[in-house]
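There are 2 protein chains.
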Amino acid sequence: MIVLDYHDRRPLYEQVAERFGVLILQGGMSAGERMPSVRQLAVDLSINPNTIQRAYMELEQEGLIYPVKGKGNFVADVEKIRKKRLEDYRKELDLTVRKGMNLGIKKEELLAVVRQYFGEDGL
Amino acid sequence: MIVLDYHDRRPLYEQVAERFGVLILQGGMSAGERMPSVRQLAVDLSINPNTIQRAYMELEQEGLIYPVKGKGNFVADVEKIRKKRLEDYRKELDLTVRKGMNLGIKKEELLAVVRQYFGEDGL
DNA sequence: TGCGTGTATTAATTGTTTTAATACACTTAG
DNA sequence: CTAAGTGTATTAAAACAATTAATACACGCA
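Protein chains in written order, with this note's numbering: chain A, 1133 to 1255; chain B, 1133 to 1255.
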């Protein structure tokens, strides 16, 4: 069971989302497994159900879980998670490169950064 | 003289900074030229001097102006501005590429995005 | 139908941002 | 050296946004 840290300045819903996020990504929960119910977890942690709801919303945004009305929230497939992460990253990358173009950066400089992390091989 | 828009939801200091920022970047003011004094501009716009001060702080952060105690704020050299922008962008670019590496993105995909905006030539 | 589930709306609380009031410190003209 | 103009720092008031809670609604299943 997760534990809240009231010395942590971050909001409660963020702590809850973060703990479960790590748990899921590290394989502590498997795909399809049910999350604790909004109400039950709220009782366990002695906080309001809406705070849990908010945390689950965050996790849903990240593609880590999905809700089923009347049944509960369930852990998503890690493969789908990975795909969503890549999707989001591609948008970010596109923006960054375009921004560089607008700033008048040289193509070679962009390539150099890529090489720096991915090596020279294969050009 | 700039004009404040009280229907604009953005804070006053941001409006002030934005207006002068555009003015400077578009060549409406030349390097070394003096900005309106904090107090004078405050009187003109009928707002508190600290709000102007805050706006000028923003502009200083962006490298657009520099302060001289007892004398005033002055428009920076556009060349220095350009350099600072590039500096900031390089850090951003570095982070983005590293993040891609951590996500396990393929080198070729990064290169493809670069080509998309900068063309195929020169590989 | 009843219990357990997620969802939506509204309000109270808390925290952050924005603006103002005021006092301090530096520069230069005279 | 003093006065008037300049930027700077500190503090507090006011406005705004984020967070949490209270409450009611809607769905699924036994």
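Keep in mind the hints are simulated off the structure, nothing from the lab. It is possible that some hints are incorrect.
It does not matter which identical chain is used: a pair holds within one copy or between any two.
[Said to hold, decoys possible] In silico lysine-lysine, DSBU-like type, Cα no more than 35 angstroms apart, as pairs:
| id | residue 1 | residue 2 |
| --- | --- | --- |
| 1 | LYS1239 | LYS1212 |
| 2 | LYS1238 | LYS1201 |
| 3 | LYS1203 | LYS1238 |
| 4 | LYS1203 | LYS1239 |
| 5 | LYS1239 | LYS1215 |
| 6 | LYS1239 | LYS1201 |
| 7 | LYS1239 | LYS1216 |
| 8 | LYS1223 | LYS1239 |
| 9 | LYS1201 | LYS1215 |
Tested hints:
1. LYS1239 / LYS1212: both (33 angstroms within a copy, 21 angstroms between copies)
2. LYS1238 / LYS1201: neither (52 angstroms within a copy, 38 angstroms between copies)
3. LYS1203 / LYS1238: Answer is neither: 54 angstroms inside a copy and 39 angstroms across each miss the 35 angstroms cutoff.
4. LYS1203 / LYS1239: neither (52 angstroms within a copy, 42 angstroms between copies)
5. LYS1239 / LYS1215: both (28 angstroms within a copy, 17 angstroms between copies)
6. LYS1239 / LYS1201: Neither way: LYS1239 and LYS1201 sit 50 angstroms apart in one copy and 41 angstroms across, limit 35 angstroms.
7. LYS1239 / LYS1216: Both, since 28 angstroms and 19 angstroms are each at most 35 angstroms.
8. LYS1223 / LYS1239: both (19 angstroms within a copy, 16 angstroms between copies)
9. LYS1201 / LYS1215: Close inside one copy (25 angstroms), not across copies (54 angstroms); limit 35 angstroms.
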